[in-house]
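Asker: The task is simple: from the sequences and hints, build the whole structure.
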Amino acid sequence: MDKSKSHRRRLSRRNFIKRATWGTAGFALASSLTDFPLGTSWGDSQPSRVVIVTDEAASAGSTIVADVVHVMMDRAIMELTDEISVGAAWLSLFPGITSASQIGIKVNCINRYCSSHPEVAYAIAEGLARMQVGGSDFPRNNIIIWDRTNNELSNAGYSRYTGSDPDTVRCFGTDQSGYGYDPASLQVNGRTCYPSSIMSQHCDYLINLSVLKNHSTSGVTFSLKNHYGSIHNPGALHGSYCDPYLPALNQQIRDQLGNPQVVSICDGIFGIYSGGPSGYPQFAYNGILLSQDPVALDYQGMLILANHGCQTTGMATHIATAAGVPYNLGTNDPGQMDVRHIVNPSTGVSEDNRPSLQPGGYRLGHAYPNPFNARTVVPYHIGGQRPVPVRVEVFNVRGQRVSTLFQGMRGPGDYLVAWEGQDERGGLVASGLYFCRLQTPNYAANAKMILTR
Amino acid sequence: MKFRMIFPLSIILLAMVLAGCSKEKGTDPGEKVLDPVDVLPTADEISGWTPQGDPQEWVGQALYQPINGEAEIYIRYGFEEAAFQDYQGSGSWSNTTLSVRVFQQESANQAQALYEDPGSGTGTPWTGTDAVGTQARTEQFSLSCSVEFHEDKFFVTIDIYSGEDQALDVAKLFARNISGKIS
Numbered sequence: 024m025d026k027s028k029s030h031r032r033r034l035s036r037r038n039f040i041k042r043a044t045w046g047t048a049g050f051a052l053a054s055s056l057t058d059f060p061l062g063t064s065w066g067d068s069q070p071s072r073v074v075i076v077t078d079e080a081a082s083a084g085s086t087i088v089a090d091v092v093h094v095m096m097d098r099a100i101m102e103l104t105d106e107i108s109v110g111a112a113w114l115s116l117f118p119g120i121t122s123a124s125q126i127g128i129k130v131n132c133i134n135r136y137c138s139s140h141p142e143v144a145y146a147i148a149e150g151l152a153r154m155q156v157g158g159s160d161f162p163r164n165n166i167i168i169w170d171r172t173n174n175e176l177s178n179a180g181y182s183r184y185t186g187s188d189p190d191t192v193r194c195f196g197t198d199q200s201g202y203g204y205d206p207a208s209l210q211v212n213g214r215t216c217y218p219s220s221i222m223s224q225h226c227d228y229l230i231n232l233s234v235l236k237n238h239s240t241s242g243v244t245f246s247l248k249n250h251y252g253s254i255h256n257p258g259a260l261h262g263s264y265c266d267p268y269l270p271a272l273n274q275q276i277r278d279q280l281g282n283p284q285v286v287s288i289c290d291g292i293f294g295i296y297s298g299g300p301s302g303y304p305q306f307a308y309n310g311i312l313l314s315q316d317p318v319a320l321d322y323q324g325m326l327i328l329a330n331h332g333c334q335t336t337g338m339a340t341h342i343a344t345a346a347g348v349p350y351n352l353g354t355n356d357p358g359q360m361d362v363r364h365i366v367n368p369s370t371g372v373s374e375d376n377r378p379s380l381q382p383g384g385y386r387l388g389h390a391y392p393n394p395f396n397a398r399t400v401v402p403y404h405i406g407g408q409r410p411v412p413v414r415v416e417v418f419n420v421r422g423q424r425v426s427t428l429f430q431g432m433r434g435p436g437d438y439l440v441a442w443e444g445q446d447e448r449g450g451l452v453a454s455g456l457y458f459c460r461l462q463t464p465n466y467a468a469n470a471k472m473i474l475t476r
Numbered sequence: 169m170k171f172r173m174i175f176p177l178s179i180i181l182l183a184m185v186l187a188g189c190s191k192e193k194g195t196d197p198g199e200k201v202l203d204p205v206d207v208l209p210t211a212d213e214i215s216g217w218t219p220q221g222d223p224q225e226w227v228g229q230a231l232y233q234p235i236n237g238e239a240e241i242y243i244r245y246g247f248e249e250a251a252f253q254d255y256q257g258s259g260s261w262s263n264t265t266l267s268v269r270v271f272q273q274e275s276a277n278q279a280q281a282l283y284e285d286p287g288s289g290t291g292t293p294w295t296g297t298d299a300v301g302t303q304a305r306t307e308q309f310s311l312s313c314s315v316e317f318h319e320d321k322f323f324v325t326i327d328i329y330s331g332e333d334q335a336l337d338v339a340k341l342f343a344r345n346i347s348g349k350i351s
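In the order they appear, the protein sequences are chains A and B. Under the numbering used here, the first residue of the first sequence is numbered 24, with each subsequent residue one higher. Under the numbering used here, the first residue of the second sequence is numbered 169, with each subsequent residue one higher.
What the hints contain is simulated information worked out from the structure, not anything from laboratory work. For clarity, every value in this text was computed on a predicted model and none was experimentally measured. Do not rely on the hints blindly, as some may be mistaken.
Derived contacts from chain B toward chain A, CB cut-off under 8 Å, selection only [what the hints assert, rightly or not]:
(1) L202
(2) I241
(3) E284
(4) P286
(5) G287
(6) S288
(7) T292
(8) S314
(9) Y329
For each label pair, taking beta carbons as the anchor points, the in silico distance ranges come out as [stated by the list, open to error]:
(10) B:S351 with A:T370: 48 to 56 Å
(11) B:G246 with A:V348: 35 to 43 Å
(12) B:G221 with A:I107: 50 to 58 Å
(13) A:P394 with B:T297: 29 to 37 Å
(14) B:Q256 with A:P464: 48 to 56 Å
(15) A:T370 with B:Q220: 33 to 41 Å
Think of the CB as a built atom: it goes at the ideal place given N, C-alpha and C, for glycine as much as any other residue.
Answerer: Rendered as structure tokens:
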């Protein structure tokens, strides 16, 4: 069977071309049709659930333990969907799926040393193969693990397969003969981008499998950034810290390709928090993040990096942009997230929903960017076991309070606070040195912020 | 008559264009300015470490090819050329790889600005008599180590895929070798 000609695809190539042709002119209309109130997820009015599963046994040194990763993935997908079997959990994410449907897993292999690992991608594929569709297991051959090039996949440890053995997952790059980039374009904030034909013509559903890395331009990578590997010209979309190119691209993929992305997954077995996205893995987080809301997932990934001392998270303004109008790709409001933590599922030693990423003390991070002109962001961590009163204020060098950025209760966890150089009344303050002060009943610290007008 | 005047002028213009394209960028006759590839450690220079394949060289916008959007930060600070080289260890480092990247910026000031941008990396300042470059920093992660420094127009990163204490010493050894060729 020629799978590319499946009649059951939700969005035919013809329809895609038609929609793409209307894409530019209909941009405003499309946006208005897809508007959701801020704080809702991609097509869902419930709080965005994010599952973070970690297991100390997931890696040993620089080696990934595949069996443990399988357990983590299976446990996480059930937590995400409230289903009690792996097959039913995955099946619940694919409304209308048939035995002819094609599922693409977009991996990120540009850094061969810190890519979406094959152990994670195949754990997903094995879970998908346990779906009961039309009375039998979903065919592994209907699953495509893909990225930009065969060479990058190979360097990251994947084996290329384009055959038709029903029990073998296919794996190849957009540069595979017979594929390439689709001539029907996406319009991304004034740039014309051609999507991978694997995504636009050969997949009915998409799973976004990203990597836990910081990025010198966009601040962080994760699921929104992973789609830069889904188009022909990612280099054209890196201006202005990728903002709003990243939200615009993901919106185009959602709206023009028929919203095929059913879940975002971040491979956080290893991570990079300084000098990324290139380089060797720097730490073993031993975790996997899952969400149907790519913005919520990226926000939680950003907190993990900030908690490790990453100094580029403040550059990731695209996450807030993605949550707002006209993109509405999800939520970046922690109050609208239902974050579930699963710890050590391979041993069953402990399993809970602790909200804090790391137990222990309080911390106020460095402002970034610093010096700044329009906006700077300061990360902080609330330790302990229960919510405490927190005040975050800005003071000038004479010790006068300039602005109160937050005042209220905060539970254990990681937070970001932004200051746009304004006083309490919204007036712009003068250039100079300011201090961001974090105050709790048992902790206080200051972070310098240099404003240059 | 016109042809007699235009022809020699064309030759002179052509010579000027060709001179501008040359990699010989020294101002004094015969002086050769270093290219990034010139400062990479060669096969016999650091015992126990062998280059894997040929160095990769990238000029201008071609930097997007190997590192995609990461190129943006180098271009923002006046990127000109780069050379990348991976090395394979032997003996006690037989399962370890090391990666050197040398970026040449337009000026020493640009190289410094790049170094000071947190996007290019972070770390503990490497100071003291054994330090290299104009400024240098080291960072020891649990899985890898890095040394970064800037000197003249060059910004250099050395990453080793091992979090052991001795791994940082190896990275520093490479840094000294490279710095010795720049200065």
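Asker: Hints first: check each against the structure and report whether it holds.
Answerer: Hint check:
1. Evaluation of the B:L202 hint against chain A yields a violated restraint, the C-beta minimum of about 23 Å exceeding 8 Å.
2. Restraint check, B:I241 versus chain A: the minimum CB separation of about 4 Å is within 8 Å; hint holds.
3. Nearest Cβ of chain A to the Cβ of B:E284: about 11 Å, over the 8 Å cut. The hint is violated.
4. Taken as an interface hint, B:P286 checks out: its beta carbon lies about 4 Å from the nearest beta carbon of chain A, inside 8 Å.
5. Annotation: interface hint on B:G287 holds; nearest CB of chain A at approximately 4 Å, less than 8 Å.
6. Look at B:S288: its Cβ gets to within about 6 Å of chain A, closer than 8 Å, so that hint holds up.
7. The beta carbon of B:T292 comes no nearer than 11 Å to any beta carbon in chain A, farther than 8 Å, and the hint placing it at the interface is violated.
8. Annotation: B:S314 was flagged as interfacial toward chain A, and the flag holds, the nearest CB pair being 7 Å apart, inside 8 Å.
9. The criterion of a C-beta within 8 Å of any C-beta in chain A is met by B:Y329, whose closest approach is roughly 4 Å, and the hint holds.
10. Under the hint 48 to 56 Å, the C-beta atoms of B:S351 and A:T370, about 53 Å apart, fit the expected range.
11. About 37 Å separates the C-beta atoms of B:G246 and A:V348, a value consistent with the hinted range of 35 to 43 Å.
12. Separated by about 51 Å at the C-beta atoms, B:G221 and A:I107 satisfy the suggested range of 50 to 58 Å.
13. One distance hint, 29 to 37 Å for the beta-carbon pair A:P394 and B:T297, holds here, with the actual separation near 32 Å.
14. Between B:Q256 and A:P464 the C-beta distance comes to about 54 Å, which sits within the given range of 48 to 56 Å.
15. For A:T370 and B:Q220, the Cβ-Cβ distance of about 38 Å falls inside the hinted range of 33 to 41 Å, so the restraint holds.
Comparing the model with each numbered hint stated earlier shows that hints 1, 3, 7 do not hold.
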